[in-house]
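Engineer: Sequences and hints are given; from them, build the entire structure.
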Amino acid sequence: MAAHFIAIALGFFLDRIVGDPQNWPHPVRLIGSLISTLTKRLNKGKARVMKGTMAFFITVVTVTVIVLTVVFFSYKLHLFAGIVVETILIAVGLAQKSLKEAALEVYEPLIEGDMKEARKKLSWIVGRDTERLGESEIARGAIETVSENTADGITSPLFWAFLFGAPGLWMYKSVNTLDSMIGYRDERYYEFGKFSARADDVLNFIPARMTGLLILLFSPNEGKIPFGKRFAGWRKDARRHPSPNSGYLEAATAWQLGVKLGGESSYRGVISKRPEIGPNMRKLEAAHIQTAIVQMHRASFAFFLLMMLIGVVLYAVA
874 MAAHFIAIAL GFFLDRIVGD PQNWPHPVRL IGSLISTLTK RLNKGKARVM KGTMAFFITV
934 VTVTVIVLTV VFFSYKLHLF AGIVVETILI AVGLAQKSLK EAALEVYEPL IEGDMKEARK
994 KLSWIVGRDT ERLGESEIAR GAIETVSENT ADGITSPLFW AFLFGAPGLW MYKSVNTLDS
1054 MIGYRDERYY EFGKFSARAD DVLNFIPARM TGLLILLFSP NEGKIPFGKR FAGWRKDARR
1114 HPSPNSGYLE AATAWQLGVK LGGESSYRGV ISKRPEIGPN MRKLEAAHIQ TAIVQMHRAS
1174 FAFFLLMMLI GVVLYAVA
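Heads up: take any position in the sequence shown, counting from 1, add 873, and you land on this note's numbering.
These are calculated hints, taken from the structure and not from any lab test. Just to be clear, a hint being listed does not mean it is correct.
Stated by the list, open to error - In silico DSSO-like cross-links for lysine-lysine, where the CA-CA straight-line distance does not exceed 27 Å: (1) K1097 - K973; (2) K1156 - K1109; (3) K1109 - K1146.
What the hints assert, rightly or not - Computed spacing ranges between beta-carbons, pair by pair: (4) S1009 - D893: 28 to 34 Å; (5) G905 - M1154: 37 to 43 Å; (6) P1099 - I879: 39 to 45 Å; (7) P898 - G1142: 33 to 39 Å; (8) L1187 - K1102: 31 to 37 Å; (9) Y1188 - P1148: 40 to 46 Å.
The beta-carbon is built from N, C-alpha and C at its ideal position, and this holds for glycine as well.
Structural biologist: Set out below in structure tokens:
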């Protein structure tokens, strides 16, 4: 147990400092290739919900068993070898530095007035159409991405790592990758990806709510709104969001910044309307992207410390 805590701590800070080295093969790409192969073979004909469920279990079991085997034999070889291998597997499964860099790639041209480049870089991290977006809408896209992925890319993987080590983290990552690839509500994927989408909702349920609360508690209160009002607004707006989990993150971000998130977005020329959340006291600007990054770092670190504390207490009691 102590070795796992050491690996988690080292992995957390390794990801924060080093991130994912460029041109290195990332395990998520391999998971994506497996999902693509299964989708091509199974997402057709009748019984698509059952076939999608089959694809889900093939993917999750395959990934979890591989990681579990690698970690098990690494610790069998030597305690130090096990910690090193598990540290790397955990660091690669987190996204603190990569999320920060993706947001800054939008922020830097936006702050310089290069709208074309800012729209281009935003298009790399969101699914919405970006060709005609102004500063506020570009900032909104980047901020919503950072906010949502604070859980998807950092605290939720950490949560499952604390429970089950690197195998737990990569179990979660396989489910999250399934959801991002086939968990759509369109004609092609609605039935096939239904089980994956629901499973992702379940695995994110606790971490998303914890992370949203930590954003409220530890990130800058730029709107200067009393905590009681922010807390009430957060809970109300979170439930209005179409996602059962993302709303708790985006609503926390909106209330801390004193801005409005949500609203209209265009996807392949089709307008999608989401409920507007937040107090809408301040106009969204490029500078708010920087604050969203600060939120991400503070909430992630607070989550890490909280889970370490819980883990140490349980370890001591046991």
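Engineer: Hints broken by the structure, by number, lowest first?
Structural biologist: none
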